[in-house]
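Trainee: Chains A and B supply the protein sequences, listed in that same order.
Residue numbers for the first sequence follow this note's numbering, beginning at 276 and rising by one.
Residue numbers for the second sequence follow this note's numbering, beginning at 934 and rising by one.
Just so you know, not all the hints are guaranteed correct.
To be verified - For lysine-lysine, the following DSS-like pairs were computed, each having C-alpha atoms within a straight-line distance of at most 27 Å:
no., chain 1, residue 1, chain 2, residue 2
1, A, Lys905, A, Lys967
2, B, Lys1059, A, Lys291
3, A, Lys824, A, Lys905
4, B, Lys1043, A, Lys291
5, B, Lys1043, A, Lys967
6, B, Lys1059, A, Lys905
7, B, Lys1059, B, Lys1043
8, A, Lys824, A, Lys967
Claimed, not checked - A partial selection of chain A residues facing chain B, derived with a Cβ cut-off under 7 Å:
no., residue
9, Gly296
10, His417
11, Ala419
12, Gly471
13, Gly524
14, Ala672
15, Asn673
16, Gly676
17, Pro724
18, Ala726
19, Leu767
20, Val878
21, Leu901
Simulated from the structure, these hints should not be mistaken for lab results.
Idealized CB from N, CA, C, for every residue including glycine.
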Amino acid sequence: MSQATVARPASRTDAKSKATGATLYTADFDHSGALHVALVRSDVPCGRIVSVERTAAEAVPGVVGVLVAADLPEALCGRRVRDMPLIARHVVRYAGERVAVVVGESRAAAESAASLVEVDIAELPGVFDPLDALEEAAPALHDAPWSYPGAVVTEGMHPNLQSLVEAGDRDATAQRLSESAFSVEATYTIPSTKQGYLEPQAWLAVPGPDGSVRLRGTTKSPYRLREQISTCLGLAPGELEVEPTPLGGDFGGKGAPGDAPLCVALARRFHRPVRLVLRSAEDLTATDARHPARVTVRVGCDSEGRLTAMSFDAVFAGGAYAAHKPGATVNLHGAVEAALGYKLPVWSTRSRVAYTNTVPKGHMRAPGATASVFAIESAIDELARSAGIDPAALRAANLLGDGDRDAYGHRWEQARGVQTLEAALNAPALVTVPAGWSAGTGLAVYCRPTAASSTSLRLTAGPDGSFVVEVPIPETGTGNHTVVRELLAEALGVSPTRVEVRQVATSLLPGDPGVGGSRVTVGMAVAVAELARRWAAGDGEGPVELESKASYPPVLSFAAQIARVAVDPETGQVKVLELLSAVDVARVVNPVAHQLQIDGGAVMGFGSAVMEDALEQDGLVWAANLAELKLPCAADVPRLTTVLVEGGRGIGEADVKSVGELTNVAVPAAVANAVADAVGVRVRDLPVSAEKVWHGLNALEAGRVTR
Amino acid sequence: MRLHLTLNGSLVDLDEDPTTTLLEWLRARGMTGTKEGCAIGVCGACTVLVDSRPVSACLTLMGTLGSSTVVTVEGIAETEPALIDAFVGCEAMQCGICTPGHVMAAAAAKLAGIGSRADVDSEIRKWLDGNLCRCTGYETIVAAVRTYVER
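One chain only, chain A, in its complex shape:
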């Protein structure tokens, strides 16, 4: 059936229920009869627990129990490395760590009792900077981190190492760099920040009479969470059911198990429903935040502007536990794949993640890439300026094109780095610079590989020729349910209004790895096509169930972004006037949802570029509420321009590329490069604040640095 015969729906599956407030998020579900949980947290980042005095808290009317680690299973939890206890046992490793839990008949009773628990902790010296943590004499956070299930480190390595990934040839790279006509070396830093979702993490665990538990909560990965909790608590298959629930924002922050294992353990202990809804301040100071990073890049080129070599060395502060990282390397893919979009004859990379006495860090939209791209795209700009080459021309000479091989040796069909860059450069500037301000233009590029994910679906006939498709993932806001509805309607040749998308609990479908990695639209497109084929071959009644394990080679997506800024030469204030995003696309399934991902990504990148910093210092998070952690509001947002670079080839017959983690990544480098273009000040530490630019202007004027 051709697309032309399928009416496009005007709206998302969830638009009306969200606009009217009818959509139920975890905190909105009926919890009558539930016990409420409040957490008692460490206020120091490192120490030994001397005592926990519970008497006053236990006396609060409505309090049912005050528990410490000894009252609960000695269980460790994590996405891959299981190193995080339900409640701190003997020692605390970060400020915000759970040291006791209060269970009460109301949230108010539990919270007020929690404030009466007296915790005596003998503070010990902690390590906060990842380089300090990896010094030989640094105090070790864990006695034997290599012994944790899932650990990728081995005995003999530094005990504060969570992960080390090295590749390439360091000696050859150093040699080539020393011989290059031009080279630069610089170190770049990005701070921790939060994903910035507005719905704090929340859980509702309801026990059955047989000890089983039904859990709903703020997870984007119901099946993985079920597995993680079951492993942690020793539950038999079938003892835990996870209900996908709409998320009030994710951006990578809702893939970690968080407090869910504790809530399930409490529901089993008290034989009553257990509810925990974090306060925003707790969410911001004690849950999985972005890894802060320090990245040193050395990059060189010849006199023609061809890159000769690059060395990349990143170190991330991983926080007190490695539990929130899901990848097989326990590293961050954006660092492990650094500079993927360029042709590089010789290179070396190293990415280290250290245990630090800070909040255990997790994923945030394009994890690792936000650090590596800021560093590399800034360094390439610095290289071009030092070589007297136009930064755009230098990139054009080195970005991957059709059939080129990346540094890691992989040959890419249909790589469109150069086309995407050209599309950005060809777009006209749509803004004017205020009088008295210095104008600057900055460019940065991100290249991301994406593969299709596995998933599972079930299709049944509904009344009057309609269809019901059951999906294993919640709507996280990206429009994933809408995409499934539209793709399926198209494949079945019916109007999208005839397809109902229903999220179902974890016992009802075979599995799914969860939302993430920009793989959902791609994976769903592949699965839906196969599901429709099987339906057509069946009896027309269904149900037809599909476990999609389709494996396709990944494809690259490029985003080339231009920031046009104005800088006040007196104060250093930076106004970002326009962000232009040229985005490499194949078939676009839903143009509005696609554009929302581009715009939302660009604005998140803008926040990272000029506003956001969790202000983590000596193990304490000072941006402890949304008045301190500045997120962009409508009035802050610059003019957003998008150029879709059409004609790309996507994955498989579905022919789609990813977009969700493309446009937030390069913006900070584009802005920093634009500021350098405007006033000659190079800011290598995010965010690009007026203060940093002002100090840079003064240094220039005093002749301490040169443009």
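Guided by the hints, dock chain B onto chain A, whose structure is given.
Mentor: For chain B alone, kept in the frame of chain A given last:
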């Protein structure tokens, strides 16, 4: 404390602890369209109308309400279908947790006469500076509010 509210068009006489927040009170009545986000009056997810003005329900104590008129997203959805249609038609949401707050801010913008001002988009962006959205980049939200206030 005795209160005589008008809630979404209905008179409600009640005896309530004056230190209960309007947000807690609404949600305890099952009116969960009003969300708790930041809980300090910054994010706007709990925006409701009190006597036609947008307020953060998380910072509004019941004891300050006296005989006020309170309108929540559940009420506006009944009385202002054109507002809901504007948000649906412009696809002015992704995760949706901020959407009821934005809807209520838009309702207040219309009551304040924003639609008749010069440079409506800029006025709307200033008006919405008390409502955060982390997903959309605001473009479709501004479009939805413009569609509604210019009607």
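Trainee: Tell me if the straight-line CA distance from Lys824 (chain A) to Lys967 (chain A) falls inside 27 Å.
Mentor: violated (49 Å)
Trainee: Interface hint check: Val878 (chain A), Cβ to nearest Cβ on chain B, cutoff 7 Å. Holds or violated?
Mentor: holds (4 Å)
Trainee: Take a quick look at whether Lys1059 (chain B) and Lys291 (chain A) sit within 27 Å of each other, Cα to Cα.
Mentor: holds (25 Å)
Trainee: Against the 27 Å threshold, does the CA-CA distance of Lys1043 (chain B) and Lys291 (chain A) hold or violate the hint?
Mentor: This hinted pair holds, its Cα atoms lying about 20 Å apart.
Trainee: Given Ala672 (chain A) as an interface hint, is the shortest Cβ-Cβ distance to chain B below 7 Å?
Mentor: Violated, about 32 Å.
Trainee: Measuring from the C-beta of Gly471 (chain A) to each C-beta in chain B, is the shortest one below 7 Å?
Mentor: holds (5 Å)
Trainee: Double-check Gly524 (chain A) for me: the hint is only fine if its C-beta lies closer than 7 Å to a C-beta in chain B.
Mentor: holds (5 Å)
Trainee: Using the nearest Cβ pair, does Leu767 (chain A) come within less than 7 Å of chain B?
Mentor: violated (23 Å)
Trainee: Against chain B, with CB atoms and a cut of 7 Å, does the hint on Ala726 (chain A) hold up?
Mentor: This interface hint is violated because 24 Å lies over the 7 Å limit.
Trainee: Double-check Pro724 (chain A) for me: the hint is only fine if its C-beta lies closer than 7 Å to a C-beta in chain B.
Mentor: Pro724 (chain A) check fails; min Cβ-Cβ to chain B is 24 Å, beyond 7 Å.
Trainee: Does Lys967 (chain A) lie within 27 Å of Lys905 (chain A) when you go C-alpha to C-alpha?
Mentor: holds (17 Å)
Trainee: Given Asn673 (chain A) was flagged as interface, is its beta-carbon under 7 Å from a beta-carbon of chain B?
Mentor: Constraint on Asn673 (chain A) not satisfied, violated at 30 Å.
Hint check: violations occur at hints 3, 5, 8, 10, 11, 14, 15, 16, 17, 18 and 19; the rest are consistent with the structure.
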